[in-house]
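Novice: Residue-level listing of the chains:
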Amino acid sequence: MEHCIKKYSGLVWTIAKRYVRDHSSAEDVVQETFVELWKSAKRYDPAIATESTFIGMLARRRAIDYARKESRRPQLDPLPDAELLTQLTTEPPSVAYSAGEDVREVIKQLPEDTQQIFFFHFEQGMTHPEIADKTGLPLGTIKTRLRRGLIEARNKLQHLGAAEPSTSYMS
Amino acid sequence: MINQELLKHFEELEAGRILGDLDADELQQWESLSKDPSCTVDLSLELTAAAIEAELSHDQETELSDSLMRQLQEDISKFTVADDHAELNDADNIVKLSAWKRAVTTPQIPWAIAALFAILFVANSLTQDGGPNTDQPIPAIALNPSPEEARDAILSNTKNLVQLDFGGTDSYNKMTGKVVWSDELQEGYMTLSNLPVNDPSKKQYQLWIVDPTRDTKPVDGGVFDIPEGQSTAVIAINNPLVITNPKAFVITMEQPGGVVVSKQQDVVAIAKAS
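Which chain is which? The protein sequence lines are A and B, in order. Sequence positions in the first sequence follow the numbering used here and run 1 to 171. Sequence positions in the second sequence follow the numbering used here and run 1 to 274.
Pulled out of the complex, with its shape left as it was, chain A reads as follows:
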């Protein structure tokens, strides 16, 4: 457990700070993420995701939930808590998550403007309005390109993994 904290605290902290700017709230997100990790650890299956992807997913959920609550946007419900992890059916989604090189390779295959938006969003942690300011693109375009880019990246990763259709978890 201590090894895990040492190894992944940087990743979890980076993700927490990306979505929750307040320092103390980001610390809460880190703490909640690791508690969730202790709870979910037994459900982790390396066939589905690498450790860092799994932990990154938990951190993203916590951070996004926290950001939603902080922004007091009542129309947005929290993401289902650990729902996806417990609702998997017998087949894992067949996406090649194992190698970071695959992820980078796939990003390189995206259209250049999408790559740039990915860089701003995922690496720099910029918000949509910040990206819009930086690029001069309308906010709606940023949203659309991020969403479509994510879908495209998923499809390319599936292709790399000679993927079957990914598994549904909602009955």
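Worth flagging that the hints you see were computed from the coordinates, not collected in a lab. Owing to the predicted nature of the structure, the values given are computational and were not obtained by experimental measurement. We put the CB at the ideal spot given by N, CA and C, even for glycine. A hint or two may mislead.
Chain B regions said to be covered by chain A (calculated; three or more residues, Cβ under 8 Å) [as the list claims (entries may be wrong)]:
#, region
1, 68-77
2, 175-181
3, 244-253
Restraint ranges, calculated between C-beta atoms of paired labels, are given here [as the list claims (entries may be wrong)]:
#, chain 1, residue 1, chain 2, residue 2, range
4, B, 163, A, 111, 57 to 65 Å
5, B, 77, A, 111, 43 to 51 Å
6, A, 135, B, 255, 27 to 35 Å
7, B, 255, A, 23, 41 to 49 Å
8, A, 159, B, 193, 47 to 55 Å
9, A, 136, B, 32, 30 to 38 Å
10, A, 115, B, 77, 51 to 59 Å
11, A, 22, B, 264, 48 to 56 Å
12, B, 255, A, 159, 38 to 46 Å
13, B, 156, A, 124, 34 to 42 Å
Computed cross-link-like contacts, EDC-like style, restricted to lysine to aspartate or glutamate with a CA-CA straight-line distance of at most 16 Å [what the hints assert, rightly or not]:
#, chain 1, residue 1, chain 2, residue 2
14, B, 202, B, 228
15, A, 6, B, 66
16, B, 217, A, 152
17, A, 7, B, 63
18, B, 8, A, 152
Fit chain B to the known structure of chain A by using the hints.
Specialist: Chain B alone, transformed into the frame defined by chain A:
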């Protein structure tokens, strides 16, 4: 029958949900479409986002504060259930559980987790001792148990439970209820009667847990709804943080999705240890 265009639209909404950028209108569309059996969602988009984020973020090194590190150490030491049953793979430091994928198929999370723990406990005690280990909590819950079954199981099989009665405040004085909580399992259920039905798009009930050993502030215990036609509802407690010594459970009415800090403007009910 839903058409391809709608499926594509739903996929984009799902991507937005994962990226955390759905607006209210889009969220409504997502909720509505997600009820259609044709609009299935899978892990792949979320894992892709997490993989990209992990890959692009992992070079950034950060030192956690001493106080946070201390808190995490404390959490680890308290979280005995997870520690006792974790199975570390020495080769890659991966925690594995081969049975979970077969065991967990329900969309009802807390019950699924309870069922999973039940299987783990039974399997663990059988493999270690050749028979059930009575020292460990074994919530003998069937797969996909209802909340009532999950509650009854921990009532029957778990020691050292916290059990308190709820009392409604002035506007809710007809309500009655009980809460049962296990520190060991980090699991608990509320049985609530005569609470008014809420409209989740306008207000939601939120549980708060007062645990003086961890914080002076109450800890969020999750939001929940009382649907139409249920005079008595059994609600699973959804605690993101470890609770070790709950002294009170407080239900408030809050905005949809709950709040980070309750102003306690609408306190519904309180269950307090004497």
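Novice: Take the hints in turn and mark each one as holding or not.
Specialist: Okay, the hints, checked on the actual structure:
Against chain A, the region 68-77 of chain B contributes 7 residues with a C-beta closer than 8 Å to a partner C-beta. That satisfies the three-residue criterion, and the hint holds. Residue count for the region 175-181 of chain B with a Cβ under 8 Å from a Cβ of chain A: 0. That is fewer than the three needed, and the coverage hint is violated. Counting residues of the region 244-253 of chain B whose beta carbon lies closer than 8 Å to any beta carbon of chain A gives 0, which falls below the threshold of three, so the coverage claim is violated. The given range of 57 to 65 Å is respected by residue 163/B and residue 111/A, whose C-beta atoms sit roughly 59 Å from each other.
Range check, residue 77/B to residue 111/A: Cβ separation about 49 Å, and the 43 to 51 Å hint holds. Restraint check, residue 135/A to residue 255/B: a C-beta distance of roughly 34 Å satisfies the suggested window 27 to 35 Å. Evaluation of the 41 to 49 Å hint for residue 255/B and residue 23/A yields a failure: the beta carbon distance comes to about 25 Å. At about 54 Å, the CB distance of residue 159/A to residue 193/B agrees with the hint of 47 to 55 Å.
Between residue 136/A and residue 32/B the C-beta distance comes to about 34 Å, which sits within the given range of 30 to 38 Å. Checked against the hint of 51 to 59 Å, the C-beta distance between residue 115/A and residue 77/B comes to roughly 44 Å, which is inconsistent with it. The beta-carbon spacing between residue 22/A and residue 264/B, approximately 22 Å, falls outside the hinted interval of 48 to 56 Å. Between residue 255/B and residue 159/A the beta carbons are some 43 Å apart, a value that agrees with the proposed interval 38 to 46 Å.
As the Cβ distance of residue 156/B to residue 124/A is approximately 53 Å, the hint placing it in 34 to 42 Å is violated. Restraint check: the Cα-Cα separation between residue 202/B and residue 228/B comes to about 15 Å, which is no more than 16 Å; the hinted pair holds. Our distance criterion of 16 Å between C-alpha atoms is met by residue 6/A and residue 66/B, whose separation comes to about 13 Å. The suggested pairing of residue 217/B with residue 152/A is violated, with an alpha-carbon distance near 44 Å, which exceeds 16 Å.
Of the supplied pair hints, the one linking residue 7/A and residue 63/B holds, its CA atoms being roughly 11 Å apart against a limit of 16 Å. Of the supplied pair hints, the one linking residue 8/B and residue 152/A holds, its CA atoms being roughly 12 Å apart against a limit of 16 Å.
In terms of the numbered hints stated before, the structure departs from hints 2, 3, 7, 10, 11, 13 and 16, listed from lowest to highest.
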